[in-house]
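Colleague: Sequence:
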Amino acid sequence: MKAIEIRETGGLDVLDYVDRQQPELQGPDDILVKLCAAGVNPVDTKVRNNGPMLPAGLPAVLGCDGAGVVEAVGAEVTRFKPGDEVWFCYGGIGGPVGNYAEYIVINNHLAQAKPRSIGMTEAAAAPLVLLTAWEALHDRARLHEGQRVLVHAGAGGVGHVAIQLAKAAGARVCTTVSSAEKAEFAHALGAEYCINYKEEDLVESVMEWTGGEGVDIAFDTVGPDVFRQSIPAMAHYGDLVTILEPGPSLDLKEARLRNLRISLELMLTPMLRDLPRARVHQGEILRRCSHLIDRGDLRIHVSRTFPLAQAADAHQLIEQGHVTGKLALTMD
Numbered sequence: 001m002k003a004i005e006i007r008e009t010g011g012l013d014v015l016d017y018v019d020r021q022q023p024e025l026q027g028p029d030d031i032l033v034k035l036c037a038a039g040v041n042p043v044d045t046k047v048r049n050n051g052p053m054l055p056a057g058l059p060a061v062l063g064c065d066g067a068g069v070v071e072a073v074g075a076e077v078t079r080f081k082p083g084d085e086v087w088f089c090y091g092g093i094g095g096p097v098g099n100y101a102e103y104i105v106i107n108n109h110l111a112q113a114k115p116r117s118i119g120m121t122e123a124a125a126a127p128l129v130l131l132t133a134w135e136a137l138h139d140r141a142r143l144h145e146g147q148r149v150l151v152h153a154g155a156g157g158v159g160h161v162a163i164q165l166a167k168a169a170g171a172r173v174c175t176t177v178s179s180a181e182k183a184e185f186a187h188a189l190g191a192e193y194c195i196n197y198k199e200e201d202l203v204e205s206v207m208e209w210t211g212g213e214g215v216d217i218a219f220d221t222v223g224p225d226v227f228r229q230s231i232p233a234m235a236h237y238g239d240l241v242t243i244l245e246p247g248p249s250l251d252l253k254e255a256r257l258r259n260l261r262i263s264l265e266l267m268l269t270p271m272l273r274d275l276p277r278a279r280v281h282q283g284e285i286l287r288r289c290s291h292l293i294d295r296g297d298l299r300i301h302v303s304r305t306f307p308l309a310q311a312a313d314a315h316q317l318i319e320q321g322h323v324t325g326k327l328a329l330t331m332d
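Going by full-length UniProt numbering, 327 is the number at position 327 of the sequence shown; the sequence numbering is gapless.
Derived by calculation from the structure, the hints in this document are not laboratory data.
Bear in mind the structure is a predicted one, so any value in this text is a computation, not a measurement.
For glycine and all other residues, C-beta sits at the position ideal for the given N, C-alpha and C.
Hints are supplied without guarantee of correctness; some may be wrong.
In silico DSS-like links for lysine-lysine, alpha-carbon gap of 25 Å or less [stated by the list, open to error]:
no. : residue 1 : residue 2
1   : Lys-34    : Lys-2
2   : Lys-46    : Lys-2
3   : Lys-81    : Lys-46
Here are the in silico distance ranges between beta carbons for each label pair [unchecked claim]:
no. : residue 1 : residue 2 : range
4   : Thr-78    : Lys-253   : 47 to 57 Å
5   : His-281   : Gly-211   : 45 to 55 Å
6   : Thr-78    : Ser-179   : 12 to 22 Å
7   : Arg-20    : Asn-196   : 15 to 25 Å
8   : Arg-142   : Gly-223   : 17 to 27 Å
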């Protein structure tokens, strides 16, 4: 089978389009999936640059997100049969299991039935960002109806689904964007108020939108500077969640005065620490998101696709920044 493999860390040139042996079922709970598409995420570029996150190490096949058709099942698999369409988030952070490939073998409990109303490309682009946004908003911040939510980088991969998940839960949403075009995109997703961070002051804009009270939840998808800037935009007793490390020199005096609850979100933890119960929970999240997608309350925006052999072009675009929605690789 064809696959994108890295044998050393570095720039775009370490992404090798190679022939690998097609994987085979290893256990009675396994399924063999013929991949149709794979999502491209910033973590893929970080593994390429910095090295694998698992002891399996190099050589490694990248790609955490996948969608495809079940081609074979283990003797004890009852959830799926050959021909079923599935989506999942697994692999891609070390060793030979990843989704930049034509086939993958995974435990059947890691996969879920693909939403009926979307294609393989959208399904492959979705799991990692959906799990990240859902865990941040629902599990960490305890989102509920009527709250005011600030989503940073609302036109990005995580941000564009976070807007929709918050809206579906009955929250009011504002978001940060970098252009009028991205503001229009975010409004179409359900954002009530957009802040162009290049031209407007974040705290002043949030306070204007909230009548001086601040937001109940702020979701940082950008990094330490944005995390710090969000603190004075928060309502007292609010929830501030970040998917990145806040940084070593963090002054939390104002956060303490506001009685903020600060949370960290990393949806890769079940893979990194081998936590089966957490994987079950993530499966339930994908099932619930599938329902939202099929009833029209959640859409996945894929701005560009690339053939598998052109993975380097997708990585280059990710590293240039400001991608709207998601990117995906296709195996057709």
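Colleague: All hints, please: hold or fail.
Modeller: Hint check:
no. : hint                          : in the structure
1   : Lys-34 x Lys-2                : holds (12 Å)
2   : Lys-46 x Lys-2                : holds (22 Å)
3   : Lys-81 x Lys-46               : violated (35 Å)
4   : Thr-78 x Lys-253: 47 to 57 Å  : holds (55 Å)
5   : His-281 x Gly-211: 45 to 55 Å : violated (36 Å)
6   : Thr-78 x Ser-179: 12 to 22 Å  : violated (49 Å)
7   : Arg-20 x Asn-196: 15 to 25 Å  : violated (45 Å)
8   : Arg-142 x Gly-223: 17 to 27 Å : holds (24 Å)
Hint violations for this structure: numbers 3, 5, 6 and 7, all remaining hints satisfied.
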